[in-house]
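S.K.: Chain by chain, the residues run as shown.
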Amino acid sequence: MAAVQTSKSLSRKGSEKWRSQHYRSFPTHDTFHFTMLRFSRTISGRANWARLASTLAYVEHAGGQATPGSLSAINAARQIQGSDEVTALVAGSNASEVANAIKKVSGLSKVLVAESGSYDHHMPETVAELLVANVKKHGFTHLVAGASSVGKNVLPRTAALLDVQAVSDISKVVSEDTFERPIYAGNAIATTKSNDSVKVITVRASTFDAAAEGSSEAAVEAAEDPSPEALAKWESEELTKSERPDLGTAQRVVSGGRGLKDKENFEKVMYPFADALGAAVGASRAAVDSGFADNSLQVGQTGKVVAPELYVAVGISGAIQHLAGMKDSKTIVAINKDAEAPIFQVADVGLVADLFEAVPDLTNKLKK
Amino acid sequence: MSSKLRILVPVKRVIDAAIRPRVNKAQTGVETQGVKFSINPFCDIALEEALRIRERTKASSLVEKVHAVSAGSSKSQETLRQALAKGADDSTLIDVGDANLEPLSVAKMLKKVAEEQNSNLIILGKQAIDNDQNQTGQMLAGLLKWPQATNASKVEIDEANSRVTVTREVDGGTETVSAPLPMVITTDLRLNEPRYASLPNIMKAKKKPLKVVKADDLGVDTASRMETLKVSEPPARQAGVIVESTDELIERLQKGGAL
Numbered sequence: 001m002a003a004v005q006t007s008k009s010l011s012r013k014g015s016e017k018w019r020s021q022h023y024r025s026f027p028t029h030d031t032f033h034f035t036m037l038r039f040s041r042t043i044s045g046r047a048n049w050a051r052l053a054s055t056l057a058y059v060e061h062a063g064g065q066a067t068p069g070s071l072s073a074i075n076a077a078r079q080i081q082g083s084d085e086v087t088a089l090v091a092g093s094n095a096s097e098v099a100n101a102i103k104k105v106s107g108l109s110k111v112l113v114a115e116s117g118s119y120d121h122h123m124p125e126t127v128a129e130l131l132v133a134n135v136k137k138h139g140f141t142h143l144v145a146g147a148s149s150v151g152k153n154v155l156p157r158t159a160a161l162l163d164v165q166a167v168s169d170i171s172k173v174v175s176e177d178t179f180e181r182p183i184y185a186g187n188a189i190a191t192t193k194s195n196d197s198v199k200v201i202t203v204r205a206s207t208f209d210a211a212a213e214g215s216s217e218a219a220v221e222a223a224e225d226p227s228p229e230a231l232a233k234w235e236s237e238e239l240t241k242s243e244r245p246d247l248g249t250a251q252r253v254v255s256g257g258r259g260l261k262d263k264e265n266f267e268k269v270m271y272p273f274a275d276a277l278g279a280a281v282g283a284s285r286a287a288v289d290s291g292f293a294d295n296s297l298q299v300g301q302t303g304k305v306v307a308p309e310l311y312v313a314v315g316i317s318g319a320i321q322h323l324a325g326m327k328d329s330k331t332i333v334a335i336n337k338d339a340e341a342p343i344f345q346v347a348d349v350g351l352v353a354d355l356f357e358a359v360p361d362l363t364n365k366l367k368k
Numbered sequence: 001m002s003s004k005l006r007i008l009v010p011v012k013r014v015i016d017a018a019i020r021p022r023v024n025k026a027q028t029g030v031e032t033q034g035v036k037f038s039i040n041p042f043c044d045i046a047l048e049e050a051l052r053i054r055e056r057t058k059a060s061s062l063v064e065k066v067h068a069v070s071a072g073s074s075k076s077q078e079t080l081r082q083a084l085a086k087g088a089d090d091s092t093l094i095d096v097g098d099a100n101l102e103p104l105s106v107a108k109m110l111k112k113v114a115e116e117q118n119s120n121l122i123i124l125g126k127q128a129i130d131n132d133q134n135q136t137g138q139m140l141a142g143l144l145k146w147p148q149a150t151n152a153s154k155v156e157i158d159e160a161n162s163r164v165t166v167t168r169e170v171d172g173g174t175e176t177v178s179a180p181l182p183m184v185i186t187t188d189l190r191l192n193e194p195r196y197a198s199l200p201n202i203m204k205a206k207k208k209p210l211k212v213v214k215a216d217d218l219g220v221d222t223a224s225r226m227e228t229l230k231v232s233e234p235p236a237r238q239a240g241v242i243v244e245s246t247d248e249l250i251e252r253l254q255k256g257g258a259l
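Top to bottom, those sequences are chains A and B.
Following UniProt numbering from start to finish, the first sequence increments by one per residue and tops out at 368.
Following UniProt numbering from start to finish, the second sequence increments by one per residue and tops out at 259.
Derived by calculation from the structure, the hints in this document are not laboratory data.
Note that the coordinates shown come from a computational prediction; the quantities given were computed from them, not determined experimentally.
Where is the CB? At the ideal position from N, CA and C, for every residue including glycine.
Honestly, I wouldn't trust all of these hints.
[Claimed, not checked] What the simulated footprint calls covered on chain A by chain B, stretch by stretch (three residues with Cβ under 8 Å from a Cβ of chain B suffice, anywhere in the stretch; the number is not a length):
(1) 116-126
(2) 151-157
(3) 292-298
(4) 323-332
[What the hints assert, rightly or not] Non-contacting residues of chain B with respect to chain A, defined by C-beta distances greater than 12 Å in every case (computed):
(5) 3
(6) 34
(7) 36
(8) 48
(9) 52
(10) 81
(11) 99
(12) 160
(13) 199
(14) 200
(15) 201
(16) 203
(17) 205
(18) 206
(19) 216
Modelling step: build the complete structure from the supplied sequences, incorporating the hints.
M.R.: The structure is reproduced here in C-alpha cells:
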C-alpha cells in the first residue's frame, strides 16, 4: 500500500499540470473516480511515450540462425528505446525457419518475415527496398543492424532511399537520438546527435552483449513485401572453414604479425597456441598482405574489430590501424622481441622475447 | 561491350594515414593545423583500378574517360591534381569551403556529377579513414538505383556480355556478385597496389582540366543532419607490466583472471 502511495505522489506533479491544461472543467468531487482516471492516463501516457521510439532490427542470418552480431544489434535497440518492444525483420527463402529460431530472443515483441528468394544472401538492392517499405508501413523511428559486412552494405543504401544520414558502427547509446562512435581509426570518440526522422544505425558488435533467449515468445507476422527488382546477381561464395571460434565474437584471440616470417611458421606457431587457449586466430595487415593468413582474419580499422577477454599479439608492432581493431580487449598481451614496439604501450602484460621460443613454450605449458 | 566505359572516381582529402590524429582542445574535432593531408588510401585504390581497367582493355579502347571528383575545401585541388598525375583525364572540384560534409550530401552531389559526366561505372573507396563511415558508395548506388558491389577485391569486365563481376571481401571469406552496367563499386584494401605519379606526369597534370563548381550550382543542400556534440580522446589504458618469462606471464594472467 505504501509503495502505491509513493508512486502516486511521484506522478502527481506531472498529472496536475496535464490536468490543468486539458481538463480544467473536470468534476473533482468524485475523488475516487478521478484518481483512477488519472492513474490510467498516466499509464497510457507512458505507453505513448514508449511508442515514440519504435525500432526495427534487421536480422542477419546464416545456416538458419541469427548471427551473434544481429543479437548484439537487438540489445542495442533495447537500449535505444528503453523497452522490450523491438521488432525484428528476417528475410530470405528460409526466413520462417530463422524467425522460429529467434522468436524467443528477449527484447523482441514481433518478428516480421519476408520469405522470398529475392532477399537471399542479403543482396542490398532488394533488402534496402524491403526495409524502406517496412519502415514506412509501420512508422519505425529507428532501424538497426550489426556493423558486419552485411549491415554496412545494406543500411547506408536504405538510409539514402529514406533520405536520412546513417550512423555507422555505434559503440554506445547515449539517448534515443545521440550515439557514440569511434572515428579516425578509434583515435577519437565522437558523440553525435541525429536530427533525422528515422535513425538508421549500425551497431559495433564487440561493445554490446548479444541478446539472450527469454521466456516469452514474439509474434511472427508477414512483412510488407515490395517484391523489388533484382539489379545484381549473386554468383558464389568462398568461406574460410575453421573449427576454431569465430574471430568477431571469440572470448580469446591470438593474432600473429609480420614477426612470424612466413605462412608455414604462422600455422606452426599460431594454430597450436590458439588451440591450447581455445582461441580464435587473427592477423595483422602485414601478415595478411604477405599471405601468412586469410584476409578474413585481419584485425584492424579495415578488418575486424574485436574486444575479447584476452588478446595476445604475437610479432605485431602495433600500428594505429591494428590498434583500432583490438584496443578495447579486456586484457592485452604482447610478445615481441623489439622492446620499443608501440604494442607495448597498450599491452597489460608484455614479454620481450623471441616468439619462436616463447610461444611454443607457452603452448606446452598451457596444455598441462 | 556495346557502350564505352565512362568511369567516375570520387577522391577524398584526409589526414595522412601514418599520422596519429589528436583531439583539439575545444573537443569539437581533431587538430588539422599543420597536419599532413593525403588522398584517402581507399580512393587511391579506386583510382588505380579505373586506370588498370583502361590498361587491361586497351585493345578495344573500352574506357572512354576517367573523371576524378572531390568535394571539400579548395585544398582538395591538390588531391585532384594528384589523381590527374596518376592518369585521370579530367576532374571536378565541388568547392564547399570549410563546410563539414556528410556522406548523404556527398552522395547527392556525386549523383549530379555522374549525371553530368554521363558516367556508367563509379568506383569509390570503401571508407574514408577520417570518419570511418563506409556509406557514400552505397548511398550513391541507392540514389541512382544502380547495383552496388562493396569491398571489392577483384573486378572483372566481361565485354562480350556487358557485365561486371566483382569478388567482395565479406565476414568469413569472399563472395562473388555480377551486374550489368551502370553500377557502383567500392574498393577494399587488397584490390590492387596504387602507383606513384612520375615527375613528368605531375607537371603534365597541371595542364589537365579541373572544373570548380559549388554545391549550390549542383542544387544540393549540404546542411548537416547530424550534430557533433563532442569529440573526445578514447579512455587511456592503465600502464602494463613487462614480465621476464613465460611462467611469469601465465602466472600474471591467472592472477588477473584472464586464464
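S.K.: The structure should be examined with respect to each hint, and the outcome stated for every one.
M.R.: Verification of the supplied hints:
Counting residues of the segment 116-126 of chain A whose C-beta lies closer than 8 Å to any C-beta of chain B gives 4; at least three are required, and the coverage claim holds. As drawn, the segment 151-157 of chain A meets chain B at 6 residues by the rule of a beta-carbon pair under 8 Å; at three or more, the given contact holds. For the segment 292-298 of chain A, the assignment as covered by chain B holds, since 3 residues bring a beta-carbon within under 8 Å of that chain's beta-carbons and 3 suffice. Proximity of the segment 323-332 of chain A to chain B, defined as three or more residues with a beta carbon under 8 Å from a beta carbon of that chain, is established by the 4 residues found.
Annotated as non-interface, residue 3 of chain B keeps its C-beta farther than 12 Å from every C-beta of chain A; the closest such distance is 17 Å. The non-interface label for residue 34 of chain B is consistent with chain A: the shortest C-beta to C-beta separation is roughly 17 Å, beyond 12 Å. Every beta carbon of chain A lies more than 12 Å from that of residue 36 of chain B, the smallest distance being close to 14 Å; the non-interface claim holds. Annotated as non-interface, residue 48 of chain B keeps its C-beta farther than 12 Å from every C-beta of chain A; the closest such distance is 16 Å.
With a cut of 12 Å on Cβ distances, residue 52 of chain B stays outside the contact zone with chain A, its closest approach being about 18 Å. Consistency note on residue 81 of chain B: stated as away from chain A, and its beta-carbon is indeed over 12 Å from all of that chain's, at 25 Å minimum. Once the 12 Å rule is applied to beta carbons, residue 99 of chain B is consistent with being away from chain A; the minimum gap is 14 Å. Distance to chain A confirms residue 160 of chain B as a non-interface residue, since its nearest Cβ pair spans about 17 Å, more than 12 Å.
With a cut of 12 Å on Cβ distances, residue 199 of chain B stays outside the contact zone with chain A, its closest approach being about 28 Å. Look at residue 200 of chain B: its CB is around 30 Å from the nearest CB on chain A, clear of 12 Å, so calling it non-interface holds up. Every beta carbon of chain A lies more than 12 Å from that of residue 201 of chain B, the smallest distance being close to 26 Å; the non-interface claim holds. Every CB of chain A is more than 12 Å from the CB of residue 203 of chain B (nearest about 32 Å), matching its label as outside the interface.
At the 12 Å boundary, the C-beta of residue 205 of chain B stays outside the reach of chain A, the nearest C-beta of that chain being 28 Å off. Distance check for residue 206 of chain B against chain A: the nearest CB is about 32 Å away, which clears 12 Å, and the non-interface claim stands. With a least beta-carbon separation of about 19 Å from chain A, residue 216 of chain B lies farther than 12 Å from that chain, consistent with its non-interface assignment.
The structure meets every hint from the earlier list without exception.
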